[in-house]
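Asker: Starting from the known structure of chain A, fit chain B onto it as the hints suggest.
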Amino acid sequence: MTKSKSRRVLILIGTKKGAFIAESVDGRQTWNLKGPFCAAWPINHVYGDPATGTIYAGGGNEWFGPAVWKTTDCGATWTHSSAGLAYAEGEPPIKTVWSLARASDRLYAGVEPAGLFHSTDNGETWTHLSGLRDHPTRKDWQAGGGGLTLHTIVPHPSDDRQVWVGMSAVGVFHTADGGATWTPRNKGVRNDYMPEGQQYPEFGQCVHNIAIAPGDPDRLYQQNHCGMYRSDDGGQSWRNIGAGLPSTFGFPVAAHPRDAETVYLAPLNGDVLGRFMPDAQTAIWRSRDGGATWADLRQGLPQQNAYIGVLRQAMATDQLEPAGVYFGTSGGQLFASADEGETWSTVAQHLPSITSIETLVIDD
Amino acid sequence: MTENSDSPGYKSHGHNSGVRVLLPRALVDLFPGSVGDVQLDARTVDELIHALDARWPGMRDRLVDTTPAIRRHLNVFVDGGRATLDTGLVPGTTVYILTAMSGG
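Chains A and B, in that order, are what the protein sequence lines are. Per our numbering, the very first residue in the first sequence carries number 1; after that it's consecutive. Per our numbering, the very first residue in the second sequence carries number 1001; after that it's consecutive.
If you're looking for bench data, these hints aren't it; they were derived computationally from the structure. Ideal Cβ positions, reconstructed from N, Cα and C, are used throughout, including at glycine. Please note that the accuracy of each hint is not assured.
Once the Cα atoms are required to be at most 20 Å apart in a straight line, the calculated DMTMM-like pairs of lysine to aspartate or glutamate come out as [as the list claims (entries may be wrong)]:
no., chain 1, residue 1, chain 2, residue 2
1, A, Lys187, A, Asp259
2, A, Lys16, B, Asp1053
3, A, Lys70, A, Asp105
4, A, Lys95, B, Asp1065
Sample of chain A residues lacking proximity to chain B, with all beta carbon distances greater than 12 Å (derived) [stated by the list, open to error]:
no., residue
5, Arg7
6, Ser82
7, Gly204
With the rest of the complex left out, here is chain A (with noise of 0.2 Å):
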């Protein structure tokens, strides 16, 4: 069993105004709140490392362009880097970084137009993993609402070459040789967008965010735009495990730090019905048994007036025993529960709108 009390719990907030950083060292009863951080520029995802301690922040801004923002010393100084990271001279330029991952000696970078990059001296340099761009498929990606976004990355556990990633709306892609050739991995995932008969296409879904299960490489949890999804064969298929949801509809999905069959979502309402949570009321979904069944957790979470919206990256797990569950929303709140989702506490509520949560435990 891990100890809570002896440790600092790091929460790593993006938000549309500059990265926080809610920091704990009481067991995860009260958050110490610092920032904004990197000149206040929209954050789209704050990553810690949990072999360095090092934090970056992915973003860009209106004037500047993207950057990788990153901190040795839990926020204290900031440095930013964009060298190499770009696509060549005459294609469309990178808006932003949209998400950032770590595998071995690999800091990966997500960016918007969808692409991927990857960094081997702690995201000082860049270097474009060109086989994603390369897909055959590319001249017939469409963007989702949110643009056309890498905006989730999943590394293998143990193999250094396996990556999938998550882009709007093109659907999951895999590659299994470290970034040089890529496969769509949507089957089975519907878009009820296609006309009927053709709902079921190799790409095009809009995938909204997914999650690996802990221990079990092979097990995906996906949400998408149409539907909350599930793979037990590393994607190369998906299932539908939406029975007893509210709605088909949400953003974020985060996996418990050691049970493959628990998983969390925040469904809200529906596309075109405001994309808040339902009836006003908030609420995060869990399942105990893989997606078979749902309970919902709303014990300290506000169930009145609450036109609450949770975006794809907003959701995280922490490693500590029971796992907390963190979740920030659009409208700037973040809330806690120390206890794998039971009882939940306000940590802030009025932040900028928030567009990632991760966390990072580090010992003293």
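Answerer: For chain B alone, kept in the frame of chain A given last:
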């Protein structure tokens, strides 16, 4: 902050042989040690931005995209007009790099 010939790293090039460039505060804040008023040798805006990048590595990425062009929400003014990377500069010119009104 204004740089003058007493500043460390100042490149001596004789009076009026270079151009003066004024940088926006939001850019200066991104590069510790940079200054908002600097003299450089450059014959075009592109050369000017390369010279800025040589002094403060990474600055060109903040000013120029891969079109390549000056970023969409920045303006570079030379002799009162909006410039491009190819705009020529003569000694004694003052170049203004300004953030455009944008965002929300």
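Asker: State for each hint whether it applies.
Answerer: These are the hints, each one checked on the structure:
1. A threshold of 20 Å between alpha carbons decides the hint, and for lysine 187 (chain A) with aspartate 259 (chain A) the separation of about 25 Å lies outside it, so the pair is violated.
2. Taking the CA atoms of lysine 16 (chain A) and aspartate 1053 (chain B), the gap is about 28 Å. The hint is violated against a cut of 20 Å.
3. With a C-alpha separation of about 16 Å, the suggested pair lysine 70 (chain A) and aspartate 105 (chain A) falls inside the 20 Å cut-off, and the hint holds.
4. A distance of roughly 9 Å separates the Cα atoms of lysine 95 (chain A) and aspartate 1065 (chain B); the hinted pair therefore holds under the 20 Å criterion.
5. Distance to chain B confirms arginine 7 (chain A) as a non-interface residue, since its nearest Cβ pair spans about 32 Å, more than 12 Å.
6. For serine 82 (chain A), the shortest C-beta to C-beta distance to chain B comes to about 5 Å, within the 12 Å cut-off, and the non-interface label is violated.
7. The beta carbon of glycine 204 (chain A) sits about 27 Å from the closest Cβ of chain B, which is more than 12 Å, so the claim that it is off the interface holds.
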